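> What follows is each chain in one-letter form.
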Amino acid sequence: MSRITQDTRNTTDPASDKEFSPAPDKKICDAVSRAQSAHPGWAAFTATQRSHVLYRVGDVFDTYRPQMIDTIIRSHGVKTSRAEQHLSDAIDVWMWYAGWADKYAQFASSVNPVAGPYLTVSAPQPVGIVGAVVSEKSSLVEIISAIASVIVSGNTVIVGAARKNSFALSVAEILATSDIPSGVVNVVTESPVSFAAAMAAHPNVDALDLANLTENEWADCCDIATLETMKCLRLPGTITPVRALSRITAFTLNKTLWHNKSLL
Amino acid sequence: MIIEPIDGLPTNTNLRRYLWGLPPIDAVGLEQRVARWVKRSIAGTSQTWALDRIISLIDLTTLEGADTPGKIRSLVTKGCIPDHDDRSIPQVAAVCVYGDMVPYAVEARHRFRQNRFASESVLQIAAVATAFPSGRSSLAVKIADTRDAVAAGADEIDMVIDRGAFLSGRYDTVFEQIVAVKEACVRSDGSSAHLKVILETGELATYDNVRRASWLALCAGADFIKTSTGKISSAATHPVTLVMLEAVRDWRTLTGKKIGVKPAGGIRTTTDALRYLVMVAETVGEEWLTPALFRFGASSLLNDVLHHRRTLHTGKPTNTNDITID
Amino acid sequence: MTENISIHEQHHNTNLPEKYGNLINGEIVYEKDSYPVINPANEKTLTTVGKTTTTTINAAVNAARKAHKNVWSQLSGSERRNHLLRIAHAIHDNADKLAIAESLNSGKPLTETRSIDIPNAEAWFFYYAGWADKLNYAGLGAQPNALGTTAHILPPNSSLLAAACTVAPALAAGNTVVVKASATVPLPALVFGEIIHNIGIPPGVVNIVTGREDSEQLLREHPDVKKIVSIGSDVHSDGARTHTDHRTHTDHRTHIVCDDAPFDEAIEGIVNDAFMRRNRFTARSPLVFVQENVYDDVVERLKHRVRGLRVGDPLDTNTDIGSMNCRRDVTYFAQVVNAAENEGCERWDTGITLPTNGLWLRPTILSRVSISSPVVRENVYGPLLIVLPFRTPHEAIRHANNTRHSFCATIWSDKASRAFAMADQLGADTVRINTSHSCDPASPSDIFPLDHAQHKTGLSPYVQNGETV
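Chains as they are written, first to last, in my numbering: chain A, 2 to 265; chain B, 8 to 333; chain C, 9 to 477.
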């Protein structure tokens, strides 16, 4: 189950007559700690187990078809057939990533031909806690791709969704009914810029996916000093297909192992 | 030979050499081996036999700060008559209590025997000793603790090893303490209380340590090796018990002597207990399935077995309140 | 405990229909003539299967060819993925049925078919389902082309797993298949056919036929069969092989027990490998090299462990060793063991009384064997361990490598640096350290060293020019 944090308690401040919601820091910090406590367990799943859990989510998406299609029609103003196709494509993206769980490591690992009596191998490890920004324009396929490509390797994710994006929360609701362990996917609604800033500043966040930021949003974000502290960072600009192995490896780090070899 | 008898005096150097010369354990292989036994099934008539056998192997235990004479009497009664409706059910092997509760257990057993329904074997009274569960006291206190319980009439002593000494490599300290406690088990008439040595495997952490501690206890003269105090969360597990069974198996090959094994703590269900029976039978042989060589340290296991037994006989689920609680 | 074998009345619902048919073009088709399928544990007739005719083989290949051309090759990778997932789910849902079929017909204990064969068959389909939609990543070119129709000849042992291991990648790569069940152990494949024939897989994509060598010959000679995948030992004839032949390895297994081994685990692993997990399609009994300073002790421990094994009814969940499934294997086993004894080896077996009916053998250990003993070169299939001494790791490597066959090795040693160095120098396809377990679609394995030796995904044999890319 994933967790959804939504401002359901919006009230009006009598002094300023302005709407206020719980402090974003608190909301984000809670999500980060949930992601943090879920990470060791999720990363310890065998690749096959992760693959199976993710495949089963595909079936869960199928059961929510009508609601999802409604949402697509409302946000994109497209016809039903188009919406259906869009949804099928999104589910397919999810299934595509599900199949990578027990495969991607072979494409990112190596036996290193070092000059000495050593067995040296490098293999990718999930980076840890990843923040992913969803802008108000991000499509369902983009969101699915952003979540699936990050968690397939064993990362946990905090999705910061712009308030006006209607997909992020429905995806979160659907994932909440799946077998994905609680805390692996967390969705908070927050403006992309302040979410990016909060994540970058958070000491327990390891990586950040900003590829979905719009140009304007990125302009507001690019000088966040703490971005440099991220172990992995995906920036907007280059267009990557929604199905891409590089999206998975963007949030993994190589671990290299050395061991002596001697018959004597 | 893969394992040979220990040679020379039990100095720390000799003990260290010996224990570190034992074959290593591969944890993955060990756990896969256990998984194999877990799949065995016991069906039909052998199941009734197995359930009765489990009951006769139980050390019915209460080790609470809140234990009272009344609680102890209740425990003894339950141990002697597990199910009031079916007197063919064997009594449990022993009750296991704190040292100061031994007199009440002895008294309860005595009263019981005066108007009893003729049972061949005598319910044993086991006392935990040596600053149970931590073992953190001087040797003098541990010896006094043991003598006290033996004098009060305990048939069996469950001592704890000094895990601190073991983990810091002072094997001689552990060895000497077991030897000293064993001496303290001797009664004035020259007979001796049975000594069970608790390794507290949860604190030893690794399987290699469990193997070494088992052999250390065997070399020092333990009559039984026991997994845990039941006071920390990682208690008896299948792999740990298997390591200990393999130690007594190899000890028998080496010396001809049979030593007992007692998994304790966390065994609550009949299914789990049956798995232990299978593991014992497959590792050291069915001859080990007697109270002299195998025990379950447990409190809630007994009633679970009784429920299973009734269900097996009547073919229907039982009402929880049909079985007495202790 | 294991003094006598009793073949219990079966506790499982094993009432089989009187006959089983072939799966052709999505339909179960029965042949006019049939022959009995035997339960090797008691040599009673289980059911009957059709004697496949030339017409049937042609119909099967034809259905596969058409299905490839008109349907399967037109589907997107995602759709093929979903079909493979469907097969995986069907295996999962019918696991017990399949396990019982396999055990009844092959004599392999139910505990094994249930915990190893069937879950692995499922895993293979799951794994390759994930390849169907990402073939462009498989390193076989941007758009690898399927061969067309492949024919899969199944062995009598682990036939369902054998089917899964070859059919799953073939389907994922875009081929349609004709599976020829083993002549003596056809039941697992036919039950599999029943299970998948109504789960929505397009007709003709998977076809399953029975038959003996003649059916196989027909498949070999059929111009529309683009590749013959023959697994294990069902093929005994050295008949002409076409260039399309893709034969998977005979796996020879070798264990090397060093004096610092985790012995309890080594004993269990070796006994498992030799007597229990015979999830090999064909296998020589393992050679066990034991360092001489622990040789006697290890042999004693092996005997002690083997004495505890239960030989008996394959359907009894407490059975460790079931029956054999080939009369010839049984006779040959006796010949080889007797000869070895006459050549100075020490023969030990559990001495249990065997039933008069059924194909049974006693678990046997041959010790005092040397590398020059003829028995070392024999290909004997059965519950046998051949134990040889060695003095130094270097010698163990030399002796283990002294074979023309490819093999897989297990090193039992607590010293990793030595084990890795030995792994380097052993001429084995797979080297395991302190485990005898390894069967996973995600890893190159000794089951399909040829596939994986060339390409790590195991897909290359099933695409055009796959081997050379």
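Keep in mind the hints are simulated off the structure, nothing from the lab.
Take the hints with a grain of salt, since some may be wrong.
Below, in silico cross-link-like pairs of lysine-lysine (DSSO-like), each with a Cα-Cα straight-line distance of 27 angstroms or less [as the list claims (entries may be wrong)]:
#1 C:K52 <-> C:K105
#2 A:K256 <-> C:K423
#3 B:K264 <-> C:K142
#4 B:K238 <-> B:K323
#5 B:K46 <-> C:K105
#6 C:K74 <-> B:K46
#7 C:K74 <-> C:K40
#8 C:K311 <-> B:K265
#9 A:K256 <-> C:K40
#10 A:K262 <-> C:K423
#11 B:K78 <-> B:K46
Quick caveat: nothing in here was measured; it's all calculated off a predicted structure.
> Would you mind confirming whether the straight-line C-alpha gap from A:K256 to C:K423 stays at or under 27 angstroms?
With a Cα-Cα distance of about 23 angstroms, the restraint between A:K256 and C:K423 holds, given a limit of 27 angstroms.
> Holds or violated: C:K52 with C:K105, Cα cutoff 27 angstroms?
holds (20 angstroms)
> Take the C-alpha atoms of B:K238 and B:K323, compute the straight-line distance between them, and say whether it is at most 27 angstroms.
violated (35 angstroms)
> Please verify whether B:K78 and B:K46 have alpha carbons no more than 27 angstroms apart.
violated (38 angstroms)
> Sort out whether C:K40 lies within 27 angstroms of A:K256, counting only the CA atoms.
violated (62 angstroms)
> Going straight from one Cα to the other, do B:K264 and C:K142 come out at no more than 27 angstroms?
Violated - the C-alpha atoms of C:K142 and B:K264 are around 63 angstroms apart, more than 27 angstroms.
> Between C:K74 and C:K40, does the CA-CA distance stay at or below 27 angstroms?
holds (25 angstroms)
> Hint check: C:K311 vs B:K265, CA-CA at most 27 angstroms. Holds or violated?
holds (21 angstroms)
> Hint check: B:K46 vs C:K105, CA-CA at most 27 angstroms. Holds or violated?
Judged against 27 angstroms, a Cα distance of about 19 angstroms means the pair holds.
> Compare the distance between the alpha carbons of C:K74 and B:K46 with 27 angstroms, and conclude whether the hinted pair is satisfied.
violated (46 angstroms)
> Is A:K262 within 27 angstroms of C:K423, Cα to Cα?
holds (10 angstroms)
Taken one by one, the earlier hints fail for this structure at numbers 3, 4, 6, 9, 11, listed in ascending order.
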